[in-house]
Amino acid sequence: MQGLFFYLFGTVAVISALLTITRRDPVTSAFWLIFCFLNVAALFATLSAHLIAVLQILIYAGAIMVFFLFVTMFLGKEKRSAERPNPVVFGVGVLTVGAIAGGLMRLVRSGSHDFGEVGPEHGTIEAVSRLLLSNYLFAFELTGLLLTVAMVGAVLLARREAKGARATRTPAGAPSGPAGVEEVADA
Amino acid sequence: MPDLQSLGDNLQVGLEHYLTLSVMLFSIGTLGVIFRRNVLVMFMSVELMLTSVNISLVAFSRYLDDLNGHVLVLFVLAVAAAEAGVGLAILVEIFKKRDTVDVDEFRQLME
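Chains as they are written, first to last, in this note's numbering: chain A, 1 to 187; chain B, 1 to 111.
None of these hints come from the bench; they were simulated from the model. Glycine included, every Cβ here is placed at the ideal spot set by N, Cα and C. Be a bit skeptical, because a hint or two may be false.
As the list claims (entries may be wrong) - Label pairs and their in silico Cβ distance ranges:
#	chain 1	residue 1	chain 2	residue 2	range
1	A	F90	B	I90	39 to 49 Å
2	A	P120	B	D99	48 to 58 Å
3	A	G144	B	N68	13 to 23 Å
4	B	N68	A	M151	23 to 33 Å
5	A	Q2	B	F75	19 to 29 Å
6	B	R98	A	L133	40 to 50 Å
7	B	D99	A	F5	14 to 24 Å
8	A	P120	B	K96	51 to 61 Å
9	A	G144	B	I90	19 to 29 Å
10	B	I94	A	E117	50 to 60 Å
11	B	F106	A	S112	23 to 33 Å
Said to hold, decoys possible - Covered by chain B, according to a simulated footprint, are these stretches of chain A (three or more residues, beta-carbon under 8 Å):
#	stretch
12	6 to 15
13	21 to 32
14	110 to 121
15	131 to 137
16	143 to 157
Could you put the whole structure together from the sequences, leaning on the hints where they help?
Structure (structure tokens):
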């Protein structure tokens, strides 16, 4: 049954990926990308990667894409630009991507590799977590640091904007200190 | 469903099938980055490329019966989340100043 599910979910994933990059409206693109990610999660499940399949739905289709949708809707209607690429750029782009895809496919087609049997614990939460928290403990902690830094950076960007907006509202010596901080926090 | 069962048994898939799918999704993502000018859609195409690489990592993991690939996918997910967070925050800042999400406009207005 793995083959049937592979072709079903793989076809839908490729079609929705194509729709993602061809739709004009970014919100429509985002919805197609969510659908593509859900299909990719199903493909991970056919590879008995249970934890990765769940995380693909939770993190990619859930958290990251909700973030994308939020920002897309926040930015609102943009001035419509004619998305007509220069023919030279178009030709060079297609040739480059074709060369990359062709080269990769040559490698892929170089032999037949069927999947062997794997034990029932392959890809379970317990097995992956055990590896993650033993061999890769340092990298795991660094990942936590990376996410913290990214969060602080995003908050700082937003805060700087809030301060700038306040400064332009009251140009004559905006009070600094605790009162100013409170106002920013209220805004 | 005996017909579906026999059909499923006839369709054998191996490592190269998953890698082919990965190459297709990666190429689609690259095309999106090259041809779209809306920076949000370019970001989405980058996410698509990351996901296609995850497919090949998981497929190799299954082929070699080795869970190290799964751990690498987890790190890719974390980096993608951080990248989306900071990237979109910067994008919102630029949009507030320039009022557009077209990358060509960014380039022309930067100086």
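Hint by hint, here is what the structure shows:
1. A:F90 / B:I90: 39 to 49 Å: Cβ of F90 (chain A) to Cβ of I90 (chain B): about 28 Å, so the range 39 to 49 Å is violated.
2. A:P120 / B:D99: 48 to 58 Å: 56 Å, holds
3. A:G144 / B:N68: 13 to 23 Å: With Cβ atoms ~20 Å apart, the hint holds.
4. B:N68 / A:M151: 23 to 33 Å: 28 Å, holds
5. A:Q2 / B:F75: 19 to 29 Å: Holds, at about 27 Å.
6. B:R98 / A:L133: 40 to 50 Å: 45 Å, holds
7. B:D99 / A:F5: 14 to 24 Å: 46 Å, violated
8. A:P120 / B:K96: 51 to 61 Å: Holds: the Cβ-Cβ distance is about 52 Å, inside 51 to 61 Å.
9. A:G144 / B:I90: 19 to 29 Å: 22 Å, holds
10. B:I94 / A:E117: 50 to 60 Å: 52 Å, holds
11. B:F106 / A:S112: 23 to 33 Å: 47 Å, violated
12. 6 to 15: Holds: 5 residues of the stretch 6 to 15 of chain A have a Cβ under 8 Å from chain B.
13. 21 to 32: holds (count 4)
14. 110 to 121: This one holds; 8 residues, not fewer than the three required, reach chain B with a Cβ under 8 Å.
15. 131 to 137: holds (count 4)
16. 143 to 157: Coverage by chain B holds for the stretch 143 to 157 of chain A (9 residues, Cβ < 8 Å).
Of the numbered hints listed earlier, those contradicted by the structure are 1, 7, 11.
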